[in-house]
Amino acid sequence: MAEDTNIILESKEPALGKIEVAPQVLEIIVGIAASQTEGVARMRGSLANSVTELFGRKEQHGKGVKLVFDGDELAVDVYVYLNYGVAVPKVALAIQDSVKQQLLFMTDLDLREVNVHVEGVIPEKTAQQVDPDNLFNQTDEGDSDQ
Numbered sequence: 040m041a042e043d044t045n046i047i048l049e050s051k052e053p054a055l056g057k058i059e060v061a062p063q064v065l066e067i068i069v070g071i072a073a074s075q076t077e078g079v080a081r082m083r084g085s086l087a088n089s090v091t092e093l094f095g096r097k098e099q100h101g102k103g104v105k106l107v108f109d110g111d112e113l114a115v116d117v118y119v120y121l122n123y124g125v126a127v128p129k130v131a132l133a134i135q136d137s138v139k140q141q142l143l144f145m146t147d148l149d150l151r152e153v154n155v156h157v158e159g160v161i162p163e164k165t166a167q168q169v170d171p172d173n174l175f176n177q178t179d180e181g182d183s184d185q
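The numbering used here puts the sequence shown at residues 40 to 185.
One should not assume that every hint holds.
To be verified - Ranges between beta-carbon positions, derived for each pair:
#	residue 1	residue 2	range
1	Val-125	Gly-56	12 to 20 Å
2	Gly-124	Thr-146	50 to 58 Å
3	Phe-175	Leu-143	53 to 61 Å
4	Val-64	Asp-136	16 to 24 Å
5	Glu-77	Glu-52	13 to 21 Å
Bear in mind the hints are in silico, worked out from the structure with no lab data behind them. Since this is a predicted model, take the numbers as computed values, not measurements. Virtual Cβ for every residue (Gly too), placed ideally from N, Cα, C.
Work out the full structure: start from the sequences and follow the hints.
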């Protein structure tokens with residue numbers, strides 16, 4: 040979760056006023072950039088995030104993101120679950136590049152660092168076929184007890 044203080048962006052035209060961005064906005068930008076990276080299964084969320092998603096609320100894009108703002112430097116921690124079979128270092132580097140690029144493009148903020156924490160690997164779900172005529176998967180080989 041980000042700090043409660045807004046981040047002030049440097050304006051090229053100081054006479055126009057100042058620009059403040061809420062930390063939650065940066066969390067959402069980082070969360071979307073990371074989750075859209077190929078190989079990312081999902082972001083780490085809390086129990087509260089999981090419960091709200093079960094009840095039909097929209098996915099919270101800021102979950103799995105932690106921001107640390109020291110003076111004029113920003114550090115980002117991203118917590119992700121990856122798909123099984125992907126190259127972990129390759130996906131982690133892609134996440135770092137994507138997050139840095141999106142934050143620079145959307146807010147003109149330079150990042151000190153993007154730390155990627157791989158929390159786990161999610162295996163592919165295999166579709167299990169259920170035969171409606173044989174729900175309990177019983178074989179009809181005859182009774183061998185006779």
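Against the structure, the hints come out as follows:
1. Val-125 - Gly-56: 12 to 20 Å: violated, 45 Å
2. Gly-124 - Thr-146: 50 to 58 Å: Check failed, 34 Å falls outside 50 to 58 Å.
3. Phe-175 - Leu-143: 53 to 61 Å: Between Phe-175 and Leu-143, where Cβ atoms are some 58 Å apart, the hint holds.
4. Val-64 - Asp-136: 16 to 24 Å: Cβ of Val-64 to Cβ of Asp-136: about 21 Å, so the range 16 to 24 Å holds.
5. Glu-77 - Glu-52: 13 to 21 Å: violated, 38 Å
In summary, the numbered hints that this structure violates are 1, 2 and 5.
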